[in-house]
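Participant: Build out the structure end to end from the sequences listed, making use of the hints.
There are 2 protein chains.
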Amino acid sequence: MSKLVIVGTVAFDTIETPFGKTDKILGGAATYIGISASNFEVDGAIVSVVGGDFPEENIDLLKDKGINVEGLEIVKDGKTFFWSGKYHNDMNVRDTLTTDLNVLADFNPVVPQVYSDAEVVMLGNLHPMVQMGVIEQMQNPKLIVLDTMNFWMDSALADLKSTIAKVDVITINDEEARQLSGEYSLVTAAKKIMEMGPAFVVIKKGEHGALLFHKDEMFYAPALPLAEVFDPTGAGDTFAGGFSGYLAKTGDFSFENMKIAVIYGSVLASFCVEKFGTERMVNLSKKDVQQRLEQFKKLTQFKIH
Amino acid sequence: MSKLVIVGTVAFDTIETPFGKTDKILGGAATYIGISASNFEVDGAIVSVVGGDFPEENIDLLKDKGINVEGLEIVKDGKTFFWSGKYHNDMNVRDTLTTDLNVLADFNPVVPQVYSDAEVVMLGNLHPMVQMGVIEQMQNPKLIVLDTMNFWMDSALADLKSTIAKVDVITINDEEARQLSGEYSLVTAAKKIMEMGPAFVVIKKGEHGALLFHKDEMFYAPALPLAEVFDPTGAGDTFAGGFSGYLAKTGDFSFENMKIAVIYGSVLASFCVEKFGTERMVNLSKKDVQQRLEQFKKLTQFKIH
Numbered sequence: 000m001s002k003l004v005i006v007g008t009v010a011f012d013t014i015e016t017p018f019g020k021t022d023k024i025l026g027g028a029a030t031y032i033g034i035s036a037s038n039f040e041v042d043g044a045i046v047s048v049v050g051g052d053f054p055e056e057n058i059d060l061l062k063d064k065g066i067n068v069e070g071l072e073i074v075k076d077g078k079t080f081f082w083s084g085k086y087h088n089d090m091n092v093r094d095t096l097t098t099d100l101n102v103l104a105d106f107n108p109v110v111p112q113v114y115s116d117a118e119v120v121m122l123g124n125l126h127p128m129v130q131m132g133v134i135e136q137m138q139n140p141k142l143i144v145l146d147t148m149n150f151w152m153d154s155a156l157a158d159l160k161s162t163i164a165k166v167d168v169i170t171i172n173d174e175e176a177r178q179l180s181g182e183y184s185l186v187t188a189a190k191k192i193m194e195m196g197p198a199f200v201v202i203k204k205g206e207h208g209a210l211l212f213h214k215d216e217m218f219y220a221p222a223l224p225l226a227e228v229f230d231p232t233g234a235g236d237t238f239a240g241g242f243s244g245y246l247a248k249t250g251d252f253s254f255e256n257m258k259i260a261v262i263y264g265s266v267l268a269s270f271c272v273e274k275f276g277t278e279r280m281v282n283l284s285k286k287d288v289q290q291r292l293e294q295f296k297k298l299t300q301f302k303i304h
Numbered sequence: 000m001s002k003l004v005i006v007g008t009v010a011f012d013t014i015e016t017p018f019g020k021t022d023k024i025l026g027g028a029a030t031y032i033g034i035s036a037s038n039f040e041v042d043g044a045i046v047s048v049v050g051g052d053f054p055e056e057n058i059d060l061l062k063d064k065g066i067n068v069e070g071l072e073i074v075k076d077g078k079t080f081f082w083s084g085k086y087h088n089d090m091n092v093r094d095t096l097t098t099d100l101n102v103l104a105d106f107n108p109v110v111p112q113v114y115s116d117a118e119v120v121m122l123g124n125l126h127p128m129v130q131m132g133v134i135e136q137m138q139n140p141k142l143i144v145l146d147t148m149n150f151w152m153d154s155a156l157a158d159l160k161s162t163i164a165k166v167d168v169i170t171i172n173d174e175e176a177r178q179l180s181g182e183y184s185l186v187t188a189a190k191k192i193m194e195m196g197p198a199f200v201v202i203k204k205g206e207h208g209a210l211l212f213h214k215d216e217m218f219y220a221p222a223l224p225l226a227e228v229f230d231p232t233g234a235g236d237t238f239a240g241g242f243s244g245y246l247a248k249t250g251d252f253s254f255e256n257m258k259i260a261v262i263y264g265s266v267l268a269s270f271c272v273e274k275f276g277t278e279r280m281v282n283l284s285k286k287d288v289q290q291r292l293e294q295f296k297k298l299t300q301f302k303i304h
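Chains as they are written, first to last, in numbering that gives the first Met the number 0: chain A, 0 to 304; chain B, 0 to 304.
Treat the hints with care, since some could be wrong.
Any copy, or any two copies together, can satisfy a pair, since identical chains are not distinguished.
Mimicking DSS-like on lysine-lysine, the simulated pairs with C-alpha atoms at most 30 Å apart in a straight line are [stated by the list, open to error]:
hint	residue 1	residue 2
1	Lys20	Lys214
2	Lys160	Lys23
3	Lys75	Lys204
4	Lys85	Lys296
5	Lys20	Lys2
6	Lys285	Lys297
7	Lys141	Lys160
8	Lys23	Lys75
9	Lys285	Lys296
10	Lys160	Lys274
11	Lys141	Lys214
12	Lys191	Lys302
13	Lys160	Lys296
14	Lys297	Lys204
These aren't lab readings, by the way, just hints derived from the structure by calculation.
Facilitator: Okay, here's the thing in structure tokens:
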């Protein structure tokens with residue numbers, strides 16, 4: 000099985016949407032990425048950190064999904080990263096209510112020795128220097144995918160740019176692409192971001208789907224229109240997990256295959272938003288994924304005679 | 000050739016975008032619909048009204064596109080409908096600066112006798128009672144498509160609903176679909192609007208593409224991502240013109256063929272926004288359309304082995 004190294008937060012979230020409110024539930028970029036990627040036959044390992052307050056059952060949940068947690072450091076006397084947020088009717092917009100970095104503040108990632116030869120590295124949202132630290136521990140990765148957010152553009156732009164220069168693919172949302180490039184048009188924004196290093200740029204547009212750019216080529220995958228978007232938390236990470244998981248499994252990093260990876264990312268993200276937190280993702284069957292893939296085909300494929 | 004009756008405004012527009020400002024130029028829903036539909040082999044006729052200030056050269060332009068203008072009433076001592084608006088960076092949002100109804104205020108549409116047996120009717124944006132007046136003059140239309148906007152929902156909702164009950168397809172933007180249905184989710188909104196009468200609902204999302212709904216089926220056509228959206232005025236009407244023109248030409252009103260119609264609508268709209276007003280649309284070749292159709296295929300089509 001291909002190895003996939005996954006970096007990102009492992010967290011507690013409290014989420015409020017027009018449909019309800021959660022207690023402290025399992026969240027974090029690496030959590031969503033790992034669970035999403037586990038839908039492919041890959042040997043995924045999470046590199047992250049939690050506090051002594053992180054329940055054993057959450058670790059078991061990850062293990063049950065076949066995710067290696069050797070690189071998940073537990074700081075016994077520390078507290079797990081906590082985020083709380085509130086969504087409104089337009090779920091593309093959210094208010095962050097709390098961000099407690101806790102154990103993340105001093106995190107030095109350690110990639111388990113047996114995973115340092117992984118072909119694919121998925122750098123989920125974290126400080127760009129933590130992401131860089133992981134890149135430096137890898138022996139000869141064939142594909143490095145980076146996800147990030149506006150927070151690092153505001154607070155650590157120089158670090159972020161030096162990390163971006165080292166990766167093959169960046170996944171980013173539309174507003175962040177505009178902020179990073181200084182361009183309003185997403186086509187021009189993607190061009191400028193490619194000049195910063197990545198050969199591929201994926202721009203995530205939430206309910207409006209995702210765009211893949213490579214050289215002069217473009218591909219568009221819609222989000223599945225849903226009657227109810229229950230909770231969008233983790234949808235972008237779930238997309239990244241499906242994207243990188245599929246690529247790790249197939250080992251084919253061509254533009255043509257990356258189209259399919261974007262579709263799988265969208266397929267998995269469409270489940271994520273159906274329930275609060277990771278609830279829908281942990282109960283996903285192969286058949287569910289296959290059926291939804293067929294829905295995506297129906298949604299987008301046409302024949303002109 | 001199949002006949003296509005087109006109703007809607009024929010107007011003067013003054014447009015300001017981040018890229019510049021126009022003088023009074025040719026505009027109006029029926030104008031854009033007619034020019035767009037003229038890309039298919041159809042016998043299109045515009046039913047509308049202008050004032051004595053409407054220059055002969057504009058009428059010649061429509062005639063040159065093979066559009067019948069027998070139903071374009073000229074009120075010698077009246078003034079042509081005038082609209083002016085301003086767009087910002089986010090071209091999905093615009094400020095209307097002026098709306099002078101002028102001759103439109105007392106318009107009684109007359110469908111030329113020879114077009115009363117047309118198979119397809121495209122009701123462009125106008126007062127719903129004017130749209131109804133046209134429906135009543137048709138002998139046995141096979142397909143009636145209605146476009147409308149929030150203005151009529153605010154000012155003539157009951158009239159609008161009785162017109163909607165008579166049509167087969169409604170094209171509407173996302174905010175209008177939400178307003179008309181009272182539902183935030185576009186999937187649920189489309190379901191409620193289908194209950195009002197139309198068997199097909201097309202929801203236009205501007206730069207985010209268009210969704211086609213029919214019973215429990217969905218189809219999604221993206222908008223072509225462009226480096227520069229110069230002027231979005233008329234894009235929705237151009238979409239409607241491509242959609243109805245293709246359907247009139249083929250005479251096939253199945254869901255499968257309507258998918259292609261949505262793609263052609265999106266293809267034509269992608270040209271409309273490249274220049275101010277109708278400038279790009281009047282200089283469109285068959286080859287241009289064919290090439291862009293290929294771009295749409297590349298943008299959306301994928302093969303999973």
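Participant: Each hint needs a verdict: does it hold in this structure or not?
Facilitator: Evaluation of the provided hints:
no. : hint              : result
1   : Lys20 <-> Lys214  : neither (43 Å within a copy, 33 Å between copies)
2   : Lys160 <-> Lys23  : neither (33 Å within a copy, 46 Å between copies)
3   : Lys75 <-> Lys204  : neither (38 Å within a copy, 50 Å between copies)
4   : Lys85 <-> Lys296  : neither (33 Å within a copy, 38 Å between copies)
5   : Lys20 <-> Lys2    : neither (36 Å within a copy, 56 Å between copies)
6   : Lys285 <-> Lys297 : both (19 Å within a copy, 28 Å between copies)
7   : Lys141 <-> Lys160 : within (20 Å within a copy, 58 Å between copies)
8   : Lys23 <-> Lys75   : within (19 Å within a copy, 72 Å between copies)
9   : Lys285 <-> Lys296 : both (17 Å within a copy, 29 Å between copies)
10  : Lys160 <-> Lys274 : neither (35 Å within a copy, 35 Å between copies)
11  : Lys141 <-> Lys214 : within (19 Å within a copy, 46 Å between copies)
12  : Lys191 <-> Lys302 : between (34 Å within a copy, 29 Å between copies)
13  : Lys160 <-> Lys296 : neither (36 Å within a copy, 34 Å between copies)
14  : Lys297 <-> Lys204 : both (21 Å within a copy, 19 Å between copies)
Hint compliance for this structure: hints 1, 2, 3, 4, 5, 10, 13 are not met, and every other hint is.
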